[in-house]
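Those sequence lines, one after another, are chains A and B.
Letter by letter, the first sequence follows residues 1 to 304 in the numbering used here.
Letter by letter, the second sequence follows residues 1 to 304 in the numbering used here.
One should not assume that every hint holds.
The list makes no distinction among identical chains, and a pair is therefore deemed to hold if it is satisfied within one copy or across any two copies.
[Claimed, not checked] Listed next, the in silico DSS-like pairs over lysine-lysine satisfying Cα-Cα at most 27 Å (straight line):
| no. | residue 1 | residue 2 |
| --- | --- | --- |
| 1 | Lys-301 | Lys-19 |
| 2 | Lys-52 | Lys-277 |
| 3 | Lys-257 | Lys-301 |
| 4 | Lys-114 | Lys-98 |
| 5 | Lys-114 | Lys-246 |
| 6 | Lys-19 | Lys-52 |
| 7 | Lys-19 | Lys-303 |
| 8 | Lys-225 | Lys-301 |
| 9 | Lys-86 | Lys-32 |
| 10 | Lys-155 | Lys-124 |
These are computed hints drawn from the structure, not numbers from a lab.
Protein chains: 2
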Amino acid sequence: MEKFEIDILGCGAALPTPKHMSSTQVVNIREKIFMLDCAEGCQMALRRSRIKFSNIQAIFITHLHGDHCFGLIGLISTLGLLGRTKELNIYAPTGIVKIFQPQIDFFCSESPFKILLHEVDSRKQSVIYDDRSVEISTIPLSHRVPCCGYLFREKPTLLHIKRDVIDAFHIPISQINNIKAGLDWISPDGEVIKNSLLTLPPDPVRSYAYCTDTMYSSQVSDILKDITCLYHEATFTDEHSLLAKKTAHSTAKQAAKVALDANVKRLVIGHLSSRYKDESVLLKEAKTIFENTELANDGMKIKL
Amino acid sequence: MEKFEIDILGCGAALPTPKHMSSTQVVNIREKIFMLDCAEGCQMALRRSRIKFSNIQAIFITHLHGDHCFGLIGLISTLGLLGRTKELNIYAPTGIVKIFQPQIDFFCSESPFKILLHEVDSRKQSVIYDDRSVEISTIPLSHRVPCCGYLFREKPTLLHIKRDVIDAFHIPISQINNIKAGLDWISPDGEVIKNSLLTLPPDPVRSYAYCTDTMYSSQVSDILKDITCLYHEATFTDEHSLLAKKTAHSTAKQAAKVALDANVKRLVIGHLSSRYKDESVLLKEAKTIFENTELANDGMKIKL
Numbered sequence: 001m002e003k004f005e006i007d008i009l010g011c012g013a014a015l016p017t018p019k020h021m022s023s024t025q026v027v028n029i030r031e032k033i034f035m036l037d038c039a040e041g042c043q044m045a046l047r048r049s050r051i052k053f054s055n056i057q058a059i060f061i062t063h064l065h066g067d068h069c070f071g072l073i074g075l076i077s078t079l080g081l082l083g084r085t086k087e088l089n090i091y092a093p094t095g096i097v098k099i100f101q102p103q104i105d106f107f108c109s110e111s112p113f114k115i116l117l118h119e120v121d122s123r124k125q126s127v128i129y130d131d132r133s134v135e136i137s138t139i140p141l142s143h144r145v146p147c148c149g150y151l152f153r154e155k156p157t158l159l160h161i162k163r164d165v166i167d168a169f170h171i172p173i174s175q176i177n178n179i180k181a182g183l184d185w186i187s188p189d190g191e192v193i194k195n196s197l198l199t200l201p202p203d204p205v206r207s208y209a210y211c212t213d214t215m216y217s218s219q220v221s222d223i224l225k226d227i228t229c230l231y232h233e234a235t236f237t238d239e240h241s242l243l244a245k246k247t248a249h250s251t252a253k254q255a256a257k258v259a260l261d262a263n264v265k266r267l268v269i270g271h272l273s274s275r276y277k278d279e280s281v282l283l284k285e286a287k288t289i290f291e292n293t294e295l296a297n298d299g300m301k302i303k304l
Numbered sequence: 001m002e003k004f005e006i007d008i009l010g011c012g013a014a015l016p017t018p019k020h021m022s023s024t025q026v027v028n029i030r031e032k033i034f035m036l037d038c039a040e041g042c043q044m045a046l047r048r049s050r051i052k053f054s055n056i057q058a059i060f061i062t063h064l065h066g067d068h069c070f071g072l073i074g075l076i077s078t079l080g081l082l083g084r085t086k087e088l089n090i091y092a093p094t095g096i097v098k099i100f101q102p103q104i105d106f107f108c109s110e111s112p113f114k115i116l117l118h119e120v121d122s123r124k125q126s127v128i129y130d131d132r133s134v135e136i137s138t139i140p141l142s143h144r145v146p147c148c149g150y151l152f153r154e155k156p157t158l159l160h161i162k163r164d165v166i167d168a169f170h171i172p173i174s175q176i177n178n179i180k181a182g183l184d185w186i187s188p189d190g191e192v193i194k195n196s197l198l199t200l201p202p203d204p205v206r207s208y209a210y211c212t213d214t215m216y217s218s219q220v221s222d223i224l225k226d227i228t229c230l231y232h233e234a235t236f237t238d239e240h241s242l243l244a245k246k247t248a249h250s251t252a253k254q255a256a257k258v259a260l261d262a263n264v265k266r267l268v269i270g271h272l273s274s275r276y277k278d279e280s281v282l283l284k285e286a287k288t289i290f291e292n293t294e295l296a297n298d299g300m301k302i303k304l
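If we strip away everything but chain A, and leave its shape as in the complex, we get (with noise of 0.2 Å):
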């Protein structure tokens, strides 16, 4: 299987203290790095966690609040020292531009590289990155400010050949690329040799979703059919679930409903409120109704 895992360096809430972090995550497809936002102290993070920062490709801010990027500015002066050449990505709801700009100008006017914020429109669900490994889209979700999750799917990869068929055909290394491209084997003398009696069905495509802050929306679980993991924050216990209502966020239960409806394989809940000295009663109110949830950590890594 191609690599496609998810580093939890940050699960906390608003608050950042000894345990956890703010929200920080890195996804890893096929060892290129997008960052899923930058609170402060994400790129001690990222070294603790051994991530090569010169493999990161973009970085998406799910919203503008200070617990999700206030490790942004650092990090892009880091990179500059590091002496990246190559130009990063940043998408962001709308304010990144007036907010980060100024910044940016100010504070790494000698960046060695090129600084692209683009402003995603949080309020709908479209494609905002492309490439042969993965398709990355908002998840429009309902916060106090503009904000969305992202969902990253990867690519098709390519089919597995059946290695002793292969060989009892004399079929040269030069065209195996092409038979994992799902092309059929004509031989010397012109015998034609379907592919689907060379090959075996590809690895089964893989799909991430990463959603926080947000207040229990039935309408994202239909963005999220069938998705392979869930991350979704979890800020709240039943207990505090006006107070979740209040402050724009989800109690545990109402994350697990969200993964119940969208069908997914499998939930981890974070962003969690730093009131809960044990954090495992999040994870039982979730477990009610989503049995297969886990409790995100800091330093957590899910292979997908």
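Based on these hints, arrange chain B on the given structure of chain A.
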């Protein structure tokens, strides 16, 4: 002795590393906390050093390079989440209003306390803060952008009473504070007891200077004459003296020269470039000029 301590939270140069956070210190004078610079991650360093956030009186930024101020907005935000109501005064050279006011307006619009930004004239020495415990003044430094150090001079403490003499004269407890403040004692039958008989001199007045970032300047020594302790940047070794000049930083020997010329009692060198795996080289070079030099480290506490 009243408390006068410095916690070095970060003493690295521009690039934060697992070894050193960038420049941040706190000065604790009689349980009032003054922050010097605010690197990214400084709020976590405050927690690690168990420094009470609520005791922070004011913040002093030397200059507007990222490694000295990228932690400021996160710290302000966290102080708000922790419920601070007391106004916070922040001092920095010209530019802080332009670059930080918009961030404060955007990210901290619901802050429960007032945030007051003060632009100081980094080109001259002047007193910018004064209370009954301490006087703080700017130290003009020479860097690539407007930059100043900060000099802390504690206010004289009270006289020490001679307990046995006080007892011998049956002086009531209610009068002790007057005697500590220098008054004579007039007994009920009119006898005047000179204060000098009742007291010993107060503790010597202590002082601390924080000088970073700066190229070597002989004028700084005049301002620092006879101070108790000097923290001076020593980014480079002698081998890189040209680079020091080019980037407007100091070598370890230049820091030591300032300490020697100023006749300070104690020198701590910091703002250490990440290029030196073995930082003792910096210490060795400084000691050839000023013996009483120490190498800074994250977590180091200086007791004056």
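#### Entry: Hints breached by this structure
none
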